[in-house]
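Engineer: So you can see what is in the structure, the chains are spelled out below.
2 protein chains.
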Amino acid sequence: MLTAAPKRIAPPTRLLYGPGPSMVEPRAYQAMSQPIVGIFDPYFFDLVEEIRAGLRQAFGTANQMTFTVPASGSGATEAAVANFVLPESKFVVFAAGHFADRMTIMAQRQRANVVRFEKPWGQVFSSEEAEEFLMRERPNAVGFVQAETSTGAFQSGRAITAAARQTGALVIADCVASLGAMPVEMDAVGIDVAFSCSQKGLSCPAGLSPISISPRAWEWLERRPGDPFTWYLDLRLMARYFEPTHAYQHTPSPPLYYAMHQALAAIEEEGLRNRWNRHQKANERLVEGLSRLGFELLVRNPADRIWHLTTAVPPKGVDETQVRRNLVQKYNIEVAGGIGQLAGKILRIGTMGPLATEENVDFLLEALAASM
Amino acid sequence: MLTAAPKRIAPPTRLLYGPGPSMVEPRAYQAMSQPIVGIFDPYFFDLVEEIRAGLRQAFGTANQMTFTVPASGSGATEAAVANFVLPESKFVVFAAGHFADRMTIMAQRQRANVVRFEKPWGQVFSSEEAEEFLMRERPNAVGFVQAETSTGAFQSGRAITAAARQTGALVIADCVASLGAMPVEMDAVGIDVAFSCSQKGLSCPAGLSPISISPRAWEWLERRPGDPFTWYLDLRLMARYFEPTHAYQHTPSPPLYYAMHQALAAIEEEGLRNRWNRHQKANERLVEGLSRLGFELLVRNPADRIWHLTTAVPPKGVDETQVRRNLVQKYNIEVAGGIGQLAGKILRIGTMGPLATEENVDFLLEALAASM
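Respectively, the protein sequence lines represent chains Y and G. Start counting the first sequence at 1; every next residue gets the next number (my numbering). Start counting the second sequence at 1; every next residue gets the next number (my numbering).
Source of the hints: derived by calculation from the structure; they are not laboratory data. Just to be clear, a hint being listed does not mean it is correct.
To be verified - Pairs of lysine to aspartate or glutamate residues, derived as EDC-like cross-links and limited to a Cα-Cα distance of at most 20 Å, are as follows:
id	chain 1	residue 1	chain 2	residue 2
1	Y	Lys119	Y	Glu137
2	G	Lys330	Y	Glu137
3	G	Lys316	G	Glu284
4	Y	Lys330	G	Asp41
Please construct the entire structure, taking both the sequences and the accompanying hints into account.
Structural biologist: Here is the structure:
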């Protein structure tokens, strides 16, 4: 039972300096309090088209098949894998973190033959390594993580796509953490299927996950032998709602679309490149400050770092759990610890969206210094 | 690209007299504009526990395993089917509408041996029919739709569960349209797995779907041979987030939880039985009015009707498409037409949540009379 006098929603005001959910664009909150409309309302269809246009810009693509999956980022991962990785087919995963492992598990559940190219967590793959591996394995599809939230490593994908093209493999990229804050540039990089989430670089609440599919991948999907095991995440069925047929598959959630529309509008007003630059500068300032405090960066090469999610090993004698507890209790600041094999070993500090400013980085650094 | 001056969200104020999405509880809108918190925040865990308690009340169950699926109602359907219907196992579907067909397709994609007991759309199944069929087929699991949104027929499930118990089959009930507006009473009826959505009887926006699982079904699931094909909708993984371990699987969307919390608080304040009565009375008034206007009810027996979704065949010479167009253009009222084999033949009129009052039924009837 709820309490006799059910409480109103009055959450504490947290500063979400973690890997996501990140701070929500203020105007997105205002948007969510607007009345919903029906799912075949012309007003809603117009809004969805504007969102799709904004997402194409953020993905760096001209793909017509750019739309939203009614799920969190993990649901979008499963949509990509379940649709584009066939049972018995060979799927290579470039694995150096938790989310590559998740992609592996999902593909195994699709009964694919998954071959993993493993490196230590936090490292990225060179084009020589990728080429050698793919020429030998000759998979049907390849998966990699562009921004690995568990390690802070960024891999644009250029090192992988060239070799994948040579062998004819479709390239699936987990852009859950990169979209909106760093260059995804899926067309320029040569990614066939890119997916993301809403609650990281886009500054929206969770629950609605962008996906974009290249024409050659869509052609492949239209001729795919057999249906995927999943109906809910079947992209051929899902796409019919977004295309002019507007055929009913799932019921979309208008408040999440309202929020995404306004977050994309904010990105467009700032300019995507300006937004990238702002995140890059915030990262440089944060890295400098962390070094002063005695942290070591998990990702050694600056070019391989996610700008808006920094992974740092605390100086000897500093307990990361205690630091995080202090930050929440004294400053209402949430940062994250490591997961998987990095649990207890690192802090994961996000400077996303509204937090990617000089002032907000400095505030975090001061609070951190006082919490060690 | 978005327009040069991206528009703010300013939707038309529609009166959603359709099968869902239905009108959202006003205080749920206010809740969604509150700041999000992290997904491991103690504040959020408390809120989730209150939601789970409220959902148990609405489901009519003591099931500990009552929580939310991060998806629309179709996602919850797939979660139920993918977890509780094994490949090669026999699954009986009681089929008399679109959503039973959807459950069929989902089970076939799980590679189950689906046996359908078919009746004309809009009819329900008697206990004699159910017993005879189940004793002959002896399935591993049984699926039925408690409130069939495509036809307006209500089947509590009592006619099915008794026979299913005798044969040892798990019973899965689609309560997408019933929860919050009509008695689900899953424990009393003997349902093992019940799932729903947020945007119908609960008066929330879409995107978060309640599910409840009986202890015997959960025991079965814990011993289930092999994992389901889906990772995102794997209920064993999902449950770990809701149980005291609070293990990360997906990222929940705080605004949708805030909204559901407030919608459940509103239900508790009104009283669940009062809310049921309100919907029942609204239905009686609507049915009377529709008869006066020359409509015939698709579901003949009043006891078999969904209270808050009425399916009506227009009088001869009245074009349902034109009626719906008039209602939207002149009154901002959205009602729905039929789907599947009932397309073009019926109106589907929802009187859910805030619309289930004498005044709102009369307003709809006046607008309808003027639109024919």
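Engineer: For each hint, tell me whether it holds in the structure or not.
Structural biologist: Verification of the supplied hints:
1. As the CA atoms of Lys119(Y) and Glu137(Y) are separated by approximately 17 Å, the hinted pair is consistent with the 20 Å bound.
2. Distance hint between Lys330(G) and Glu137(Y) is unfulfilled; the C-alpha atoms sit about 63 Å from each other, more than 20 Å.
3. Under the criterion of a C-alpha separation no larger than 20 Å, the hint pairing Lys316(G) with Glu284(G) is inconsistent with the structure, at around 23 Å.
4. For the given pair, Lys330(Y) sits about 15 Å from Asp41(G) by alpha-carbon distance, which is consistent with the 20 Å threshold.
Checked against the numbered hints listed earlier, the structure breaks hints 2, 3; every other hint is satisfied.
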